[in-house]
Amino acid sequence: MIKVLKSGFYTTIQDKGRVGFASLGVPVSGAMDSYSSDLANRILNNSLNCALLEITLGGCKFQFLSKTTICISGGDFSPKMNNQPILLNSKILIQENDILSFGKVNFGVRCYLAVKGGIQSDKKLGSRSSFKNITNNFLIKSGDCLPISNLKTTLESSKTLVKVNKNHFEYKGIECFKGPEFDTLDMHQKKTLFETEFSISKDINRMGYKLNETVENNIPSILTSAVLPGTVQLTPSGKLIVLMRDCQVTGGYPRVLQVSEESINRLSQKTTGDKIQFVLK
Amino acid sequence: MHTYKPFGAKAILIEWKAIIAKATLKDILEFKDKINSQKSEFYLDYSIGYNSLTIIFKDIILDFNEEVEKLKAIYTLNSTIKPAQNFLWEIPVCYDLEFGIDLEEMSESLNLETSEIIKTHSESIYTVFFIGFLPGFLYLGGLNSKLFFDRKPNPRLNVEVGSVGIGGEQTGVYPVNSAGGWNIIGRTPIRFFDLEVSNPCFAKSGDQIKFSAISKKEFLEIENLVAKKSYQLFKTVIND
Numbered sequence: 001m002i003k004v005l006k007s008g009f010y011t012t013i014q015d016k017g018r019v020g021f022a023s024l025g026v027p028v029s030g031a032m033d034s035y036s037s038d039l040a041n042r043i044l045n046n047s048l049n050c051a052l053l054e055i056t057l058g059g060c061k062f063q064f065l066s067k068t069t070i071c072i073s074g075g076d077f078s079p080k081m082n083n084q085p086i087l088l089n090s091k092i093l094i095q096e097n098d099i100l101s102f103g104k105v106n107f108g109v110r111c112y113l114a115v116k117g118g119i120q121s122d123k124k125l126g127s128r129s130s131f132k133n134i135t136n137n138f139l140i141k142s143g144d145c146l147p148i149s150n151l152k153t154t155l156e157s158s159k160t161l162v163k164v165n166k167n168h169f170e171y172k173g174i175e176c177f178k179g180p181e182f183d184t185l186d187m188h189q190k191k192t193l194f195e196t197e198f199s200i201s202k203d204i205n206r207m208g209y210k211l212n213e214t215v216e217n218n219i220p221s222i223l224t225s226a227v228l229p230g231t232v233q234l235t236p237s238g239k240l241i242v243l244m245r246d247c248q249v250t251g252g253y254p255r256v257l258q259v260s261e262e263s264i265n266r267l268s269q270k271t272t273g274d275k276i277q278f279v280l281k
Numbered sequence: 001m002h003t004y005k006p007f008g009a010k011a012i013l014i015e016w017k018a019i020i021a022k023a024t025l026k027d028i029l030e031f032k033d034k035i036n037s038q039k040s041e042f043y044l045d046y047s048i049g050y051n052s053l054t055i056i057f058k059d060i061i062l063d064f065n066e067e068v069e070k071l072k073a074i075y076t077l078n079s080t081i082k083p084a085q086n087f088l089w090e091i092p093v094c095y096d097l098e099f100g101i102d103l104e105e106m107s108e109s110l111n112l113e114t115s116e117i118i119k120t121h122s123e124s125i126y127t128v129f130f131i132g133f134l135p136g137f138l139y140l141g142g143l144n145s146k147l148f149f150d151r152k153p154n155p156r157l158n159v160e161v162g163s164v165g166i167g168g169e170q171t172g173v174y175p176v177n178s179a180g181g182w183n184i185i186g187r188t189p190i191r192f193f194d195l196e197v198s199n200p201c202f203a204k205s206g207d208q209i210k211f212s213a214i215s216k217k218e219f220l221e222i223e224n225l226v227a228k229k230s231y232q233l234f235k236t237v238i239n240d
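From first to last, the protein sequence lines stand for chains A and B.
Quick note on this note's numbering: the first sequence kicks off at 1 and runs consecutively.
Quick note on this note's numbering: the second sequence kicks off at 1 and runs consecutively.
Check the hints yourself; a few may be wrong.
What the hints assert, rightly or not - Only pairs whose alpha carbons sit at most 27 Å apart, straight line, appear in this in silico DSSO-like list of lysine-lysine:
id, chain 1, residue 1, chain 2, residue 2
1, A, Lys123, B, Lys228
2, B, Lys39, B, Lys26
3, B, Lys229, A, Lys123
4, B, Lys10, A, Lys123
5, A, Lys124, B, Lys39
6, B, Lys152, B, Lys216
Calculated from the structure, these hints are not laboratory results.
Work out the full structure: start from the sequences and follow the hints.
Here is the structure:
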């Protein structure tokens, strides 16, 4: 078990998400930055389907009630074990009653706490990913006890760590494909789309990132049709919304771009005020 | 007639003419059934819109044209597969003012008696085009134009589960508690999204819905049965 002493700003359980339920209106969900969540699971030799905690900007504190091995990947929020700094992207052996906490945010927005064998919360529609009205828990709360695998861990703490390319957190280019309605834009609109340095607004969550700068919008809305994580919608006000992992399955705004999987991961590590630029793949 | 477009690295969007029509829905559903009958491990999921079918692939599509040719071949299959059986579902709705919190405002603006709104809303048969917006939210076609009514300028932060609303030219049922801007005219005790049953949403694209007016007393009785999972929805097979 992991006991949640402090829940932090926004902590959820995530895995690879729910696939196969779009026709019921069920969003995919899953780790926002699947590059980092996969890395944490890989370092522990876990299956990539193992559920882990997605922690937004730290602020949380956990107590482990049993022995296990963990790995933290993604953003660097100065993780500490019993007040001693620990490495990211490295196997950390945990003893009963060890306390994990976080401190200063050094880079990134989301980090992933993986445990050997994965978090064993209930699966709903094939996934443990937190989602309102689907899983019992949406946000992790202080006092929650999260079941973890009882696998006897044979892993030792390692002194080695996996190096992560800093570009994953720093590069502002967001690679994308043309969206289904891209060609309804005129030359000037396309130019604005690729030449503007967009900044991320305050309106951001796991469903989508709204951007501040506008693209003149004279194109009609569409008959409600599929949207996917990574779809960039052009709203009537001219503002763009990049849909993220918890997005609805359908929408009616023109879909002008489709962000690549890799760039959704990178965008997930950006927040309000950060700059991005769309680059056609 | 339909066209194919790439939709990111892992999906293909198939689009029909931009109209809301039952004939389009029929074509989409037949195509979807044929694709499903392939039991292909390459197709992961699908999503239906008014005039579109999006096929989501398991892996990155390496050759778009080749995949389109495969889909075209599937479309032209002279298939003998039985299409999914569609049903007409009867959904009890209590239109009491306690639940239909926007009925009086609509009545004034539309210059229609509330009884006339209720009668008009509950005598139409609605077609389920697809499910989107929220888990179990049905996009229904067939609202009588007398009842077209703009969405509220300021959406409510919480609309109760089961609320029946009108938004512009559409009507629908909130499957879960949600923020929402539709005008609420009643409430059903029926759950459109329930993870405790094997099929979380009983209705699917191509089904039909008819609302039937019930009293507050009947609402409470049905609500009680629904909670005990012992309410049997009334449905009839659609033959077209």
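Here is how each hint holds up against the structure:
Among the hinted pairs, Lys123 of chain A with Lys228 of chain B is consistent with the structure: their alpha-carbon atoms are about 23 Å apart, no more than 27 Å. For the given pair, Lys39 of chain B sits about 21 Å from Lys26 of chain B by alpha-carbon distance, which is consistent with the 27 Å threshold. A distance of roughly 21 Å separates the Cα atoms of Lys229 of chain B and Lys123 of chain A; the hinted pair therefore holds under the 27 Å criterion. Among the hinted pairs, Lys10 of chain B with Lys123 of chain A is consistent with the structure: their alpha-carbon atoms are about 25 Å apart, no more than 27 Å.
Of the supplied pair hints, the one linking Lys124 of chain A and Lys39 of chain B holds, its CA atoms being roughly 23 Å apart against a limit of 27 Å. This hinted pair checks out: Lys152 of chain B and Lys216 of chain B have alpha carbons roughly 26 Å apart, not beyond 27 Å.
The structure agrees with every numbered hint stated previously.
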